[in-house]
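Chains as they are written, first to last, in the working numbering: chain A, 9 to 204; chain B, 9 to 204; chain C, 9 to 204; chain D, 9 to 204.
Take these hints with a grain of salt, some might be off.
Any copy will do: because identical chains look the same in the list, a pair fits if it lies in one copy or spans two.
Stated by the list, open to error - Calculated pairs, SDA-like style, for lysine to any residue (alpha carbon to alpha carbon, straight line, at most 20 angstroms): (1) Lys-11 <-> Ala-74; (2) Lys-76 <-> Glu-40; (3) Lys-34 <-> Val-158; (4) Lys-136 <-> Ser-48; (5) Lys-34 <-> Trp-92; (6) Lys-136 <-> Val-55; (7) Lys-34 <-> Gln-110; (8) Lys-34 <-> Thr-75; (9) Lys-34 <-> Ile-118; (10) Lys-11 <-> Asn-67; (11) Lys-34 <-> Ile-114; (12) Lys-11 <-> Leu-71; (13) Lys-11 <-> Leu-56; (14) Lys-11 <-> Gly-159; (15) Lys-11 <-> Leu-72; (16) Lys-153 <-> Leu-71; (17) Lys-34 <-> Phe-91.
Since the hints were made in silico from the structure, they are not lab data.
Chain by chain, the residues:
There are 4 protein chains.
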Amino acid sequence: MGKGRLEAFSDGVFAIIITIMVLELKVPHHAEWSDLIHLSPVFLSYVLSFVYVGIYWNNHHHLLHATKSVTGGILWANLFLLFWLSLVPFVTDWMGENHFAQVPVICYGIVLIMCGVAYSILVRLLIKHHGEESLLAHAMGSDMKGKLSVGIYGVAIALSFVHPWWAAGLYGAVALIWLIPDRRIERKLSGSETSV
Amino acid sequence: MGKGRLEAFSDGVFAIIITIMVLELKVPHHAEWSDLIHLSPVFLSYVLSFVYVGIYWNNHHHLLHATKSVTGGILWANLFLLFWLSLVPFVTDWMGENHFAQVPVICYGIVLIMCGVAYSILVRLLIKHHGEESLLAHAMGSDMKGKLSVGIYGVAIALSFVHPWWAAGLYGAVALIWLIPDRRIERKLSGSETSV
Amino acid sequence: MGKGRLEAFSDGVFAIIITIMVLELKVPHHAEWSDLIHLSPVFLSYVLSFVYVGIYWNNHHHLLHATKSVTGGILWANLFLLFWLSLVPFVTDWMGENHFAQVPVICYGIVLIMCGVAYSILVRLLIKHHGEESLLAHAMGSDMKGKLSVGIYGVAIALSFVHPWWAAGLYGAVALIWLIPDRRIERKLSGSETSV
Amino acid sequence: MGKGRLEAFSDGVFAIIITIMVLELKVPHHAEWSDLIHLSPVFLSYVLSFVYVGIYWNNHHHLLHATKSVTGGILWANLFLLFWLSLVPFVTDWMGENHFAQVPVICYGIVLIMCGVAYSILVRLLIKHHGEESLLAHAMGSDMKGKLSVGIYGVAIALSFVHPWWAAGLYGAVALIWLIPDRRIERKLSGSETSV
């Protein structure tokens, strides 16, 4: 089964998730600079989530680039990932509107963990489908960065009991780690091309 | 006429329907766990509908994969299906906000029945266009699962007069049946490829 | 210049326009059948507009199917059409919420007229680009149906001064005329294929 | 790495940004012509932003048409552009609802400047990737029009301290300059084709 429509549908959902978050930036009723300052936690929360959804789209792009075909199970693993990503606008807004209060910050972390878990299920199913000796399997390696991220989210949730801003800081730090695109696949792919 | 834009447009509508439903998860004004618990019927309703729209996208994907070309009538049958699917966010939200009260639960069932009917009209037009002896016609067979689903929705609506949760349970049960992707087409397609 | 991205972008806008209209179907706060009956003018208005946007997507699909390449001017003519179509959700909701009152009904007609005008500008630019002797030019012919529709919208606006429902009825009648897909292009295309 | 999904994702985001702006055109609760007149600043603001997003889509289309492949950095430069474009609906609505008051008008200008800066970063990365001697580099030239636009936005922000409508007028003037599509690339591309 081809991967064309999986990419098209996922691109659509990614595009909508990343864009509808801006609808939560409720327009203030007055036109002063102070009105904008009141929005700053919501805006900060928006920027963080925009970067996260951008990272997932970027990695998803790289991952499927190395994919040749998909199965029914992979379609559902992809939908499971999109489900958790679809909750990002909700927790983003809740966290922003409550000025990074503890409970929404924890929920944001839980959604990030579930996105990470869903992504690694998708990776594992793709590797299983293409074979452990495939280019894709080599390119993904042991996925240290993915496992590390989920660990940091866990630490962040624990630290939110000290102060929620510690957790928010860690979410931002993980985003920075990932802002560097997944060069593993790029390198392996170009490596294999030059070796031909 | 090619099927490319039909797929692209449908993917767009599917992606939007599945994503705008999350806009109905209204962000609570406070930041306690109890605020989240109050949202649980809306969330449950969202999960059910996400799975249903996912199922339809998945089956639509399989169906059009086995399709070679489309006619004007098929374009309209597809729009008729998308129309009923577009009502899913409305009934989802109504059912969730009213904690699975009887009237919204019945309406949810009616929309599911109409989606099922619209899907089978689309299947029938595609089979008619490709011929009764086509791979597509063989792959769809007698569509027992589709007919059974519409029957169960009818039973669910009847049972909603006893208690609406019986109906909701049956909607969930049908979703579970369909979570197994439509292997009929997959099997036939791969079968015909090996026999060549 | 290829037509691929023009189609992809237009499909996206069509998909969003046709889907966000359902967001205007505000979920009632109670769960009785009577709540649904109060929504009926909004629902009727939604159905009418869904059919109209579906018709435009369908005709746009046929039109670009017969198109080989596009120019900068054609991109802008297409955006001009999408602009007027983007106002359809606004007038749809205004007309529905005010139970087909005169002023919104007139505005709905004006938007329909502008969509029709924008579509015929797009057609004219495409014909000019492909040449008066092209398949596209022959397929479009004198565009009687398009001119007739704009005329009927004008009559409908005039009749809205007698009673707005006359206008609404005429809008519905034009939609019915167009529900029959644009067989002109289909016929010419298949005719030219058989003659080769 | 291919440019297919970059185009598909960007088209999705462009399509959503240009369409959700109409959601801010809140439907008046009454059905008189005067209700429509009250909406006129919001509508004017919508038209301006529709044209701007259309211009960016158009130029993006031309730019990527001349692109052969992309890198991870280019994906992020593109997301940076989409981020600033995603703020357009917010400033559009804020400016419209406050009848072009000074602070929102300044913010609108800042978003336009950032979009211009992000676009030229994207152009520079694409030129660097394709080489200074590439068709793309020649086609973009010194990007006078882009630099001029950012300069005019700066003047507009300064003039908003005299009167905000001066700024709004300049935003409109820049849009008019750009409404003429980017013929530089078109000409160079067709020029190089005829010289082959």
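Now the hints, each set against the structure:
1. Taking the shortest Cα distances, Lys-11 and Ala-74 sit within 20 angstroms of each other both inside one copy (11 angstroms) and across copies (14 angstroms).
2. Within a single copy, Lys-76 and Glu-40 get their C-alpha atoms no closer than 53 angstroms, and across copies no closer than 45 angstroms, so neither meets the 20 angstroms cut-off.
3. In this assembly of identical chains, Lys-34 and Val-158 lie within 20 angstroms of each other by CA distance neither inside one copy nor across copies; the values are 31 angstroms within and 27 angstroms between.
4. Taking the shortest alpha-carbon separations for Lys-136 and Ser-48, neither the intra-copy value of 44 angstroms nor the inter-copy value of 35 angstroms comes in at or below 20 angstroms.
5. In this assembly of identical chains, the alpha carbons of Lys-34 and Trp-92 lie at most 20 angstroms apart only when taken from different copies (17 angstroms versus 24 angstroms within one copy).
6. For a Cα distance limit of 20 angstroms, the shortest separation of Lys-136 from Val-55 qualifies neither inside one copy, at 35 angstroms, nor across copies, at 28 angstroms.
7. Taking the shortest alpha-carbon separations for Lys-34 and Gln-110, only the inter-copy value of 19 angstroms comes in at or below 20 angstroms, while the best intra-copy value is 22 angstroms.
8. Taking the closest pair of Cα atoms, Lys-34 and Thr-75 never come within 20 angstroms of each other, the shortest separation being 40 angstroms inside a single copy and 37 angstroms across copies.
9. Proximity of Lys-34 to Ile-118 under the C-alpha cut-off of 20 angstroms is restricted to the inter-copy arrangement: shortest distance 19 angstroms between copies versus 25 angstroms within a copy.
10. Taking CA atoms no more than 20 angstroms apart as the test, Lys-11 paired with Asn-67 passes in both settings, with 16 angstroms inside one copy and 15 angstroms between copies.
11. In the homo-oligomer, the alpha carbons of Lys-34 and Ile-114 lie at most 20 angstroms apart only across protomers (18 angstroms), although the nearest pairing inside one protomer, at 23 angstroms, exceeds that limit.
12. In this assembly of identical chains, Lys-11 and Leu-71 lie within 20 angstroms of each other by CA distance both inside one copy and across copies; the values are 12 angstroms within and 15 angstroms between.
13. When the C-alpha separation of Lys-11 and Leu-56 is checked against a cutoff of 20 angstroms, the pair qualifies neither within a copy, at 30 angstroms, nor between copies, at 26 angstroms.
14. For a Cα distance limit of 20 angstroms, the shortest separation of Lys-11 from Gly-159 qualifies neither inside one copy, at 31 angstroms, nor across copies, at 34 angstroms.
15. Taking the closest pair of Cα atoms, Lys-11 and Leu-72 come within 20 angstroms of each other both inside a single copy (8 angstroms) and across two copies (13 angstroms).
16. In the homo-oligomer, the alpha carbons of Lys-153 and Leu-71 lie at most 20 angstroms apart inside one protomer (14 angstroms), although the nearest pairing across protomers, at 34 angstroms, exceeds that limit.
17. In this assembly of identical chains, the alpha carbons of Lys-34 and Phe-91 lie at most 20 angstroms apart only when taken from different copies (17 angstroms versus 24 angstroms within one copy).
In terms of the numbered hints stated before, the structure departs from hints 2, 3, 4, 6, 8, 13 and 14, listed from lowest to highest.
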